[in-house]
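So the sequence lines, in the order shown, correspond to chains A and B.
At position 126 of the first sequence (counting the first as 1) the number is 126 in this note's numbering, and the numbers step up by one without a gap.
At position 315 of the second sequence (counting the first as 1) the number is 315 in this note's numbering, and the numbers step up by one without a gap.
No lab work stands behind these hints: they were computed from the structure.
Please note that the accuracy of each hint is not assured.
If several chains are the same, the list does not tell them apart, and a pair holds so long as it fits within one copy or across any two.
[Said to hold, decoys possible] Lysine to aspartate or glutamate pairs mimicking EDC-like chemistry, simulated, CA-CA at most 16 Å apart:
1) K257 to D203
2) K213 to D85
3) K213 to D25
4) K213 to D19
5) K213 to D22
6) K257 to E244
7) K257 to E205
There are 2 protein chains.
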Amino acid sequence: MLEHTIDVPVLASAVEAQDSADAADTLEALSGSDAAEVLGKMGVDSAGEALAEMVLPLASSALVALIGDDIGFAAAMLESMAPDDATDLLQELDHADRESVLAEMHPSAANGLRRLLDHHEESAGGMMTTEFLAVREDMTADEATEAIRRSAVDDDPHFTFVIDWEGHLRGTLSLRRLLIADPGELISHICNREVEAIPPELDREAVAREFEKYDFLVLPVVDAEHRLLGVVEVDDVIEIIRAESTEDANRMVGAGKEEAVYSTAREKLKGRFPWLLVNLFTSSIAAIVVLQFEGLITEIAVLAVLMPVIANQAGNAGQQSLAVTLRGIVLEQIRPNRAMPLILREAMVGLINGMLGGLVVGLVICVVGSVFGDASWRLGVVAALAMTAALAIGTFTGSSLPLLMRRLGFDPATASTIFLTMVTDSMSFFVFLGLASALHSWLA
Amino acid sequence: MLEHTIDVPVLASAVEAQDSADAADTLEALSGSDAAEVLGKMGVDSAGEALAEMVLPLASSALVALIGDDIGFAAAMLESMAPDDATDLLQELDHADRESVLAEMHPSAANGLRRLLDHHEESAGGMMTTEFLAVREDMTADEATEAIRRSAVDDDPHFTFVIDWEGHLRGTLSLRRLLIADPGELISHICNREVEAIPPELDREAVAREFEKYDFLVLPVVDAEHRLLGVVEVDDVIEIIRAESTEDANRMVGAGKEEAVYSTAREKLKGRFPWLLVNLFTSSIAAIVVLQFEGLITEIAVLAVLMPVIANQAGNAGQQSLAVTLRGIVLEQIRPNRAMPLILREAMVGLINGMLGGLVVGLVICVVGSVFGDASWRLGVVAALAMTAALAIGTFTGSSLPLLMRRLGFDPATASTIFLTMVTDSMSFFVFLGLASALHSWLA
Chain A
1 MLEHTIDVPV LASAVEAQDS ADAADTLEAL SGSDAAEVLG KMGVDSAGEA LAEMVLPLAS
61 SALVALIGDD IGFAAAMLES MAPDDATDLL QELDHADRES VLAEMHPSAA NGLRRLLDHH
121 EESAGGMMTT EFLAVREDMT ADEATEAIRR SAVDDDPHFT FVIDWEGHLR GTLSLRRLLI
181 ADPGELISHI CNREVEAIPP ELDREAVARE FEKYDFLVLP VVDAEHRLLG VVEVDDVIEI
241 IRAESTEDAN RMVGAGKEEA VYSTAREKLK GRFPWLLVNL FTSSIAAIVV LQFEGLITEI
301 AVLAVLMPVI ANQAGNAGQQ SLAVTLRGIV LEQIRPNRAM PLILREAMVG LINGMLGGLV
361 VGLVICVVGS VFGDASWRLG VVAALAMTAA LAIGTFTGSS LPLLMRRLGF DPATASTIFL
421 TMVTDSMSFF VFLGLASALH SWLA
Chain B
1 MLEHTIDVPV LASAVEAQDS ADAADTLEAL SGSDAAEVLG KMGVDSAGEA LAEMVLPLAS
61 SALVALIGDD IGFAAAMLES MAPDDATDLL QELDHADRES VLAEMHPSAA NGLRRLLDHH
121 EESAGGMMTT EFLAVREDMT ADEATEAIRR SAVDDDPHFT FVIDWEGHLR GTLSLRRLLI
181 ADPGELISHI CNREVEAIPP ELDREAVARE FEKYDFLVLP VVDAEHRLLG VVEVDDVIEI
241 IRAESTEDAN RMVGAGKEEA VYSTAREKLK GRFPWLLVNL FTSSIAAIVV LQFEGLITEI
301 AVLAVLMPVI ANQAGNAGQQ SLAVTLRGIV LEQIRPNRAM PLILREAMVG LINGMLGGLV
361 VGLVICVVGS VFGDASWRLG VVAALAMTAA LAIGTFTGSS LPLLMRRLGF DPATASTIFL
421 TMVTDSMSFF VFLGLASALH SWLA
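Go ahead and model the full structure; you've got the sequences and the hints to work with.
Next up, the structure:
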């Protein structure tokens, strides 16, 4: 037990009075063991609701502490939670903790959770809940209403699923339709037979795409015999869309796609080092370009001063094109076979930005010319020309690289920044030093 | 009229038979004028549904063409659409097109759309639909059921709003609760009085956060007197979350946050050039660092060859930390006042990756030493040490920069890559050239 400056029972009753999302915010500000103590003083239901709203890594560290403090409470709390939320938490525990808390539960609840745990965390099966309303197709409207009245599901769904005696999914029935039905009407006559369903193996990103494309609020999960296994709900999909979108930013620079700010140093090293090794290799290409001009640099060392300015500007302009193009790919805004006009537009934007930036650099070199000796305006001209060309190459590469990677069947985001920098660095150095070398006698 | 190789009536009937989301995919593959011709041959309702599912820039170019072809059809189609979808499209048109198509509509429909158009596109008012179920609190369950039966709203909502005679929002009523109510029960007795509502001015990102935090499926929009104006639905929020997440990637590199791959060259230049100018300024700091070592480079030009390798590696390692930290901020995973351990962990990861990368670079320099002369192993030691330090600085900066910007009240993503590169470039050059300068007599 920790020494506290907080009064646990007082805090627990304050948290209990909050909405579950706000309670979660409060608990997230505490350490795992403090959060566990507060949870342990709350009601089982409200503790479970608050835990379900917490960020997963923080929720699981509170749960681990709670299992140590009072395993009976932890088990009762997990039983009271929506099965998909309880499964998300159990998946974060190590094997021993998970088994010991499952052993404390009612066997039927534990078995239900074990079935959900069998599905991969990032699949439809791992996301679905097994709590849903369902009525049989051979019921009358009155019998279905009675079945819904008796149901223990405490959600407010906008429709109920329709199944047969073997549990096969046969359709959906909107509660609005049921509300206005005659009491004796057969469910099979008023239900909607056209219902999309997904298999439990479907990857969560594909699940999210289905929701986005068809504006579903829930999607039933069925097995190979079309038996209804569970339901994926739109609120879980929203979390995934946010998580997957931010994964792309990780991938661009070669951090592990699963890496979170909370990942251990070991996980971070494992995810990032391979790409840093690739980066070392690709940046050595730029070094080899510079090496070809070693003699020139010995003679005009100020070239080494300007090199990073041009390469950096081309790199940044290229990253702008890359970000905008990847955005277009993610938002599915790029028509098939219509990519070329977009790439040419990016190259033109790079050309103009390069001329404008080159003008600024050229003028600055002229003005502070005394530093560079008398021929400074000539150096300004070379830098301005090189920057113009380098930015056009940068934006052309930034927009065509992800489209090319997609065309070749690779993920367009992965390591895109690394490959882009390889091109912008080496081409910037080549254009700038090459031009300086060609105009050597005019420059020196 | 264009010359076609496609048979418009045949294609129109094929598209008509598709689900609206799939129909939209087909239409998106056509030019705006071809899509307009196909839409014009479809039924008004299905044309509107397909148009609503299309990506906005493509949908609006098809609509512009359709207004030119057959303005009566365009008006009827917009009338048949959900008001929020029609408003999204009208907002994309220029003033003349918008007014001429509104003039073709039924006056009451046109006025409803004009009211929605008054709200800012990126606010709750601009996102809401004005089609929703509502019953009065003084109705009985039977009267409410009858009102719902007669309602023209063709959605399947899971609850109805409850209002008073003046249209003030008084609560919500789940259809499930209504289904199991006694016929004579008063709505005011069975409705849920605790209902969250948002003002029409609320920014769309804040709207999305409300949905995410509280897992709402719909949120009512009310005026200052708490009169019900409309409803924001979760499916519109999903689009915004995807769009806002990708906006961050734009912002990081200084592209306009609104910039899409389809933006005009003029818009792209306007959004990007200011940040490229900032980048020019920040990268000149790195140039000034190099300038201090001009004499050293004249003597040992191979330093200029290795400079970009070290700066590039530190920049990439820093961008990895930046991406992961921004991800933690967006997903709200970073506890207040608990940032320091995360930053130190990042710095440690940078230190280790720097040592590993430095070892590789050092060994390569020794092996290909003949290129660099006899003292190559000494140069390898200097490069390895500099890389270790530069990567630790890079990851420390990459993780602390966005947290510092957030603390100071700035957007943590904006131009973060530019400021990070300023630090990684100038510090890499300073550490590497400074070390080489200090060990000059040992090196040369």
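Right, here's what the structure says about each hint:
no.	hint	verdict
1	K257 to D203	within (15 Å within a copy, 30 Å between copies)
2	K213 to D85	between (25 Å within a copy, 15 Å between copies)
3	K213 to D25	between (32 Å within a copy, 10 Å between copies)
4	K213 to D19	between (32 Å within a copy, 11 Å between copies)
5	K213 to D22	between (31 Å within a copy, 9 Å between copies)
6	K257 to E244	within (9 Å within a copy, 19 Å between copies)
7	K257 to E205	within (13 Å within a copy, 24 Å between copies)
When each numbered hint is compared with the structure, no violation occurs for any of them.
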